[in-house]
Structures are given as C-alpha cells and as structure tokens.
Amino acid sequence: MLFGLFILLACQLAGEIIARSLGLPIPGPVIGIVLLFALLALQGWRQGAASAETGPVAKSADGLLANLGLVFIPAGVGISQNYQLVFDNGLALVAALVISTVLTLIVTVAIFRFVSRLLPGKEAQP
Amino acid sequence: MTTNFDLWVYLAASPLLWLTLTIGTFLAAQWIAKRSFYHPVVNPVLITIVVVVLVLRLTGTSYDTYFDGAQFIHFILGPATVALAIPLYRSRQLVKAKALPILASLAIGAPFAMLSATGIAIVLGGAPAIVLALVPKSVTAGIAVGIAGQIGGEPALTAVLVIATGILGAVVVTPLMNALKITDYAARGFAAGLTSHGIGTARAFQVNSVAGTFAGLAMALNGLATAFLAPLIFGFFS
Chain A
1 MLFGLFILLA
11 CQLAGEIIAR
21 SLGLPIPGPV
31 IGIVLLFALL
41 ALQGWRQGAA
51 SAETGPVAKS
61 ADGLLANLGL
71 VFIPAGVGIS
81 QNYQLVFDNG
91 LALVAALVIS
101 TVLTLIVTVA
111 IFRFVSRLLP
121 GKEAQP
Chain B
1 MTTNFDLWVY
11 LAASPLLWLT
21 LTIGTFLAAQ
31 WIAKRSFYHP
41 VVNPVLITIV
51 VVVLVLRLTG
61 TSYDTYFDGA
71 QFIHFILGPA
81 TVALAIPLYR
91 SRQLVKAKAL
101 PILASLAIGA
111 PFAMLSATGI
121 AIVLGGAPAI
131 VLALVPKSVT
141 AGIAVGIAGQ
151 IGGEPALTAV
161 LVIATGILGA
171 VVVTPLMNAL
181 KITDYAARGF
191 AAGLTSHGIG
201 TARAFQVNSV
211 AGTFAGLAMA
221 LNGLATAFLA
231 PLIFGFFS
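Note that the protein sequences, when read in sequence, are chains A and B. Counting along the first sequence from 1, when you hit position 99 you're at 99 in the working numbering, and nothing is skipped either side. Counting along the second sequence from 1, when you hit position 88 you're at 88 in the working numbering, and nothing is skipped either side.
Since the hints were derived computationally from the structure, they do not count as laboratory data.
Some but not every residue of chain B turned toward chain A, in silico, with C-beta under 8 Å:
1) L56
2) Y63
3) A80
4) T81
5) Y89
6) A104
7) S116
8) A121
9) A127
10) V145
11) P155
12) A156
13) A159
14) I182
15) A187
16) F228
Distance windows between CB atoms, simulated:
17) B/P111 <-> A/G90: 23 to 29 Å
18) B/F5 <-> A/F3: 45 to 51 Å
19) B/P111 <-> A/Q84: 27 to 33 Å
20) A/G90 <-> B/G60: 23 to 29 Å
21) B/A12 <-> A/F87: 25 to 31 Å
Examples of chain B residues toward chain A, derived with CB under 7 Å:
22) T22
23) V45
24) T48
25) I76
26) V82
27) L84
28) I86
29) L88
30) I120
31) L124
32) G126
33) A129
34) V160
35) L176
36) G235
A virtual CB, placed ideally from N, CA and C, is assigned to each residue, including glycine.
Sequences and hints are given; from them, build the entire structure.
Next up, the structure:
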C-alpha cells in the first residue's frame with residue numbers, strides 16, 4: 001500500500017519536474033500517467049502482465065479510483081466564490097453544456113461506427 | 001470552562017471540522033446514491049458540494065478557512081489522476097483490437113467536445129472566464145482542474161461544469177443511442193466515456209460491461225488528449 005502510494009507520488013513528482021523544467025503547458029499528473037504506464041509496461045514485460053495488473057501499485061490505484069469523487073469536492077466547493085459569474089452567464093452555460101454534450105456523443109459514436117465498418121472481417125457486432 | 005461559543009470559534013477555524021464534514025457528507029451522499037440504485041441524477045459529488053456550500057453559507061465560513069481543512073483531500077487529486085494509468089494498462093488488449101476506431105473517434109471527439117462547448121458559449125456572449133472554464137468539461141475532474149489552471153480558466157467553475165457534463169451525458173446517452181439504433185456497445189461506451197468521463201463510465205457499466213470497459217478507456221484517453229490539445233488551442237488566452 002505505502003509502496004504503491006510512493007510510486008504514484010513519484011510519477012506525479014517526475015511529471016511536475018518534467019512539465020516545469022521543459023515549460024510544457026501540460027498538468028504534471030498527466031505526464032505522470034504516461035510515466036506510470038511505461039513503468040507498468042516494463043514490469044509486465046519482465047515479470048508478466050499479471051504482476052503489473054495486480055501488484056501494490058495497482059492496489060493503491062484501485063483504492064484511490066474507488067473514491068475518485070471525493071477528491072474533487074474541495075475544488076468544486078470553490079463554486080461558492082463564483083455565483084455571480086454563473087448567474088450572469090446562465091444561458092450560455094446551459095446551452096453550451098447541453099448542446100455540446102449531445103453533439104459530442106453523436107459525433108464520437110458516429111466516427112467509431114464509421115471506422116469500424118471500414119475494417120472488414122474484424123467486425124463482430126451487427 | 002469553555003462556552004459553546006468558544007468551542008465553535010475553535011472548531012470553525014480548525015482543519016479538522018471541515019475535513020470531517022466533507023468526508024462525512026460524501027459518505028452520506030454515497031448512501032443516498034446507493035438507495036436510488038445509482039440513478040445518474042443522484043450524484044454524490046454534486047450532493048456533497050451543495051451541502052458543504054450551504055453549511056459554509058449558513059455559518060459564515062470563508063472558502064479559505066474551509067480549504068485549510070479540505071486541502072488534504074484536494075492533494076489526493078494528483079496521485080488519483082496518475083492512478084488512471086492502471087485501468088489504461090489493463091485495457092491495452094482492447095486498444096490493440098479496436099485501435100483504428102478508437103484513435104479516429106478520439107482524434108475527432110476530443111477537439112469537438114472542447115470547440116463545440118466554447119463555440120456555443122462565445123456565440124451566446126459568455127464571458128471569457130466562462131469560455132475557458134468550459135474547455136475541459138468532458139474530461140475527468142482531476143485532469144480538467146489541472147487543464148483549467150494551465151489555460152487560465154477558473155478551476156472551481158470547471159469542477160462544477162465537469163460534473164454537470166457527466167450527469168447530462170449519463171442521463172442522455174442510453175435513450176439517445178437507442179433512438180439512433182446503435183447496437184455496438186463498444187461504440188456506445190466509448191462515446192459515453194469520452195463525453196462524460198467517470199460519471200458516463202459508471203452509467204455505461206450499468207448498461208453493459210463491454211460498454212463500461214470502453215467508456216473507462218475513452219475517459220483516460222480523452223483526459224490525455226485534451227491535456228495535450230487544450231493548451232495548443234486555447235493557450236494563447238492566458
């Protein structure tokens with residue numbers, strides 16, 4: 001558990017160092033995802049995929065991901081400082097959220113189906 | 001002997017009270033969500049935010065005071081985001097099997113989610129702070145809050161918009177896909193996860209396990225894609 005948490009923090013730390021020292025406009029934890037994925041691929045290659053999928057890092061990660069909702073509550077409560085901004089832009093916000101969400105669902109599923117159909121033989125679905 | 005008032009003065013300023021309130025409210029909200037059979041509208045994160053905001057209002061507590069306690073939870077955002085590498089690694093066989101449809105719908109869906117939302121907000125006269133906060137609305141909150149910070153959006157507003165997008169997508173996806181007569185659960189799940197991150201993924205798992213797996217994959221990939229694309233498209237604002 002502690003070792004898994006250490007690896008997660010170390011990947012985030014390395015991600016922050018890389019992002020800041022290279023001046024990349026990407027959040028450090030996102031680079032951390034790429035680094036951890038590379039570590040897992042290396043571990044899977046050397047010790048078998050099962051050890052990478054169920055090892056201590058996986059256990060710690062599963063524990064955090066099971067309660068993912070909790071960790072963005074402190075940021076969300078900050079909305080209390082933005083009441084005025086939200087009320088003043090209510091229509092733009094609601095319209096942007098509703099229309100964009102529906103269109104993004106349609107566009108994504110359409111492209112996925114279209115490209116799947118271009119690949120003959122691999123298609124198991126009707 | 002301390003009076004009740006003295007006790008309150010101590011507690012209201014101590015991190016302990018606000019940390020305990022946040023976790024306790026979240027546990028209660030999860031219990032309510034379970035009782036509703038995880039209906040997407042009954043979102044534990046949303047319930048907790050509303051309750052905590054109300055309590056802060058009623059007690060006249062500032063956000064800074066609250067955050068002194070809540071920062072210990074907020075800190076976990078980073079390692080919890082890194083943890084997304086685990087489900088991504090577990091889905092690597094899926095990626096191989098469906099590489100082309102996955103890459104194509106990611107390459108178009110990720111920028112479309114950003115540009116459609118910001119485009120509509122700009123047309124309707126939304127303030128720049130609103131437009132920038134909308135950019136990562138389809139991305140899982142841990143990454144979205146980081147992206148908002150990078151491009152000059154308000155992270156708190158982004159967190160709430162992310163949750164709203166998640167709930168909207170989770171409510172709409174099943175009737176919409178049925179109306180479009182799409183029976184490919186890989187495609188349906190991928191769209192749900194790309195559009196509505198973790199909340200859409202949870203919904204997809206309720207409908208079909210293949211859909212859920214693809215939704216989780218789409219959530220992780222869209223988080224990565226948007227983190228790389230958003231600064232390129234919107235970085236010049238900040």
